[in-house]
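Undergrad: Once you've looked at the hints, dock chain B against the given chain A.
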Amino acid sequence: MMPAIAILVVWAAAWALNVWLSTGRYAAHLWAKLAVPLIFGLTVIAIWEMLVRGFGVPLVILPAPSQIAPRFGDSLGILWSDVVQTFLRGALTGYVIGCGAGFLTAIAVDRFGFLRRGLLPLASFMAALPIVGTAPILVMWFGFDWQSKAAVVVVMVFFPMLVNTVAGLSDTTAMQRDQMRTWGAGYWQALLKLRLPAAMPFIFNGLKISTTLALIGAIVAEFFGSPTLGLGFRITTSVGQLSLDMVWAAILVSALAGTSFYGLVALIERGVTFWHPSQRR
Amino acid sequence: MTGRVMPVLTVLLATLAFWYLAAVPMNIREVLTEAERGGAQVVPATALERRDAPVLGLLFDNPGELAAAWTQDRPRLPAPHQVARELWQSTVVEELSGRRGIVQSGSLSNRGLVYHAGVTLGATALGFLIGAGLGILLAVGIVHSRTMDRSVMPWAIVSQTVPIVAIAPMIIVVLYSIGVQGLLPKAVISAWLSFFPVVVGMVKGLRAPDAMQIDLLHTYSASKGQAFWKLRLPASTPYLFASLKIAIAASLVGAIVGELPVQKGGLGARMLAGSYYGQTSQIWAALFAAAALAAVLVALVGWIERRTLRRMGAGA
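Read top to bottom, the protein sequences are chains A and B. Going by our numbering, the first sequence opens with residue 1, and the numbers climb by one from there. Going by our numbering, the second sequence opens with residue 1001, and the numbers climb by one from there.
One chain only, chain A, in its complex shape (with noise of 0.2 Å):
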């Protein structure tokens, strides 16, 4: 009963002081707004731990953040060759080849009305459907190393990147391209001048989108196959021997691989679409 009320007081009191910083007098404050979600992570963990000490959890089931960040400390090298293996060699390459061909596919579908109707309507069919189905059949084709898992992160984040791309290039008023007519801009000019970087919100959407895609297929690509190194590797071995603190900790390492791509490709995009509503304050 103790560990119960405990966690519930805590709870109460993390809540009632992110009530107060939300909506008394500090509200307005910049410090304000980041201590908010800051607080209630920290009430999480706090939380985690209490309840794995409390009511002795064991290991196997879930292990206390007290035992995971040691874990975490220990195994740094492991861990840096998994995050060079899985994310900077498969996800990255996979992101980088893969969002390059989905735009310069955009721009082709854009400049011909052909390509336009046919490609458009099963570009945006392919982009709802699994395609992290194609992984065993990459892995086959380009074996066990990085290789297959740039190849699957291509396929799944192209579709995203193309629909996106086409619906940002066509975020134009008529208005605006007769001007650009008027002053006899040719379609290069028009499109380096006008349409690209009116496009660029919904290349931006795109491109986050594809960030948390090419994490997700570089690591599924693992479980079909990979060498002694990767996340989902880690994963998959720690899980099978029950050391939970290391599955956590790669976890945790890909939650912070994950969140930094995303955070680093909505710096860049605050710093490109300045302009725009969504970014002013």
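Calculated directly from the structure, the hints in this document are not laboratory data. Quantities reported herein were computed from a predicted structural model and do not represent experimental measurements. Each hint should be verified, as a subset may be incorrect.
Chain B regions said to be covered by chain A (calculated; three or more residues, Cβ under 8 Å) [unchecked claim]:
hint, region
1, 1010–1016
2, 1124–1130
3, 1145–1154
4, 1167–1179
Derived list of chain A stretches under chain B, where covered just means 3 residues or more per stretch with a C-beta under 8 Å from a C-beta of chain B [unchecked claim]:
hint, region
5, 26–39
6, 59–66
7, 73–82
8, 136–149
9, 191–205
10, 218–227
11, 256–263
Beta carbons are placed, not taken as given, at the ideal position from N, Cα and C, and that holds for glycine.
TA: The following block gives chain B in isolation, referenced to the frame of chain A:
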């Protein structure tokens, strides 16, 4: 609509033609190995020499053997008609005349795709219901409480950058060890992937009524609850359905990924089994079955969307 059919057909035919063409270089090495075993003259003569030879050279040196690339037993890339035959075999033929088919045993064959698609569909539907329900509740909370908005929303975003599929094997093992098995572990992964689009779409939708409309309800002295049921909820419906379509597709991905570590039926298990035993046609057939399932599910949500919106009086 009719203006689209021709271009789409052209692109589809081009894809099909490219697929047939690509099957030749993809399968050429196995074709030549088989031809050599069958006693035919092959250039270069041994598999060892062919291993390092460029594919184009192999194609030009052995023009007589190329047609065999479309009839391989375990091809690296099966030709479209081989995939179509596998699909037919593992659905209709298996059920009608197979020993474990529905005609002879009274239950769906566990070697047929219909059974596996059903397993995946169950997990997808359950996960979708949980995910969409949670997403809607969370969105309602976020719209009505600034504290919720500020503390939960950032973590909802972070939760999506965590590659959940990485956690899939662990969720399944852990839930298994506390006695939960069957559909629920897979549905948890589906729910995780599908709740986020619903939260984002629903928050946007619930905030869609503009200040004027909310003020109008104020002048009617409507309570918060009345404003929610009569203004915010109806206004959010188009947003809700748009995100439900994304959510159900994501939910299917979650179910398939969740089936990889369990191996107790489902399209994902079928793909993994196919990749273990080199049954490429089986992988492709499962892939197409998954695609068909996704298309049906999205179309179903779209159909409900059109009916609901028409009922609510939004024309077209």
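Undergrad: Compare the structure with each hint and give your call.
TA: Hint by hint, here is what the structure shows:
1. 1010–1016: Since three or more residues must qualify, the claim that chain A covers the region 1010–1016 of chain B holds, with 3 doing so at under 8 Å.
2. 1124–1130: violated (count 0)
3. 1145–1154: That given contact holds, which follows from 8 residues of the region 1145–1154 of chain B lying within Cβ reach (below 8 Å) of chain A.
4. 1167–1179: holds (count 7)
5. 26–39: With 5 residues close enough to chain B, the hint holds.
6. 59–66: Since three or more residues must qualify, the claim that chain B covers the region 59–66 of chain A holds, with 3 doing so at under 8 Å.
7. 73–82: violated (count 0)
8. 136–149: Check passed, 5 qualifying residues.
9. 191–205: Violated: only 0 residues of the region 191–205 of chain A have a Cβ under 8 Å from chain B.
10. 218–227: Holds, because 5 residues of the region 218–227 of chain A bring their Cβ atoms closer than 8 Å to Cβ atoms of chain B.
11. 256–263: holds (count 4)
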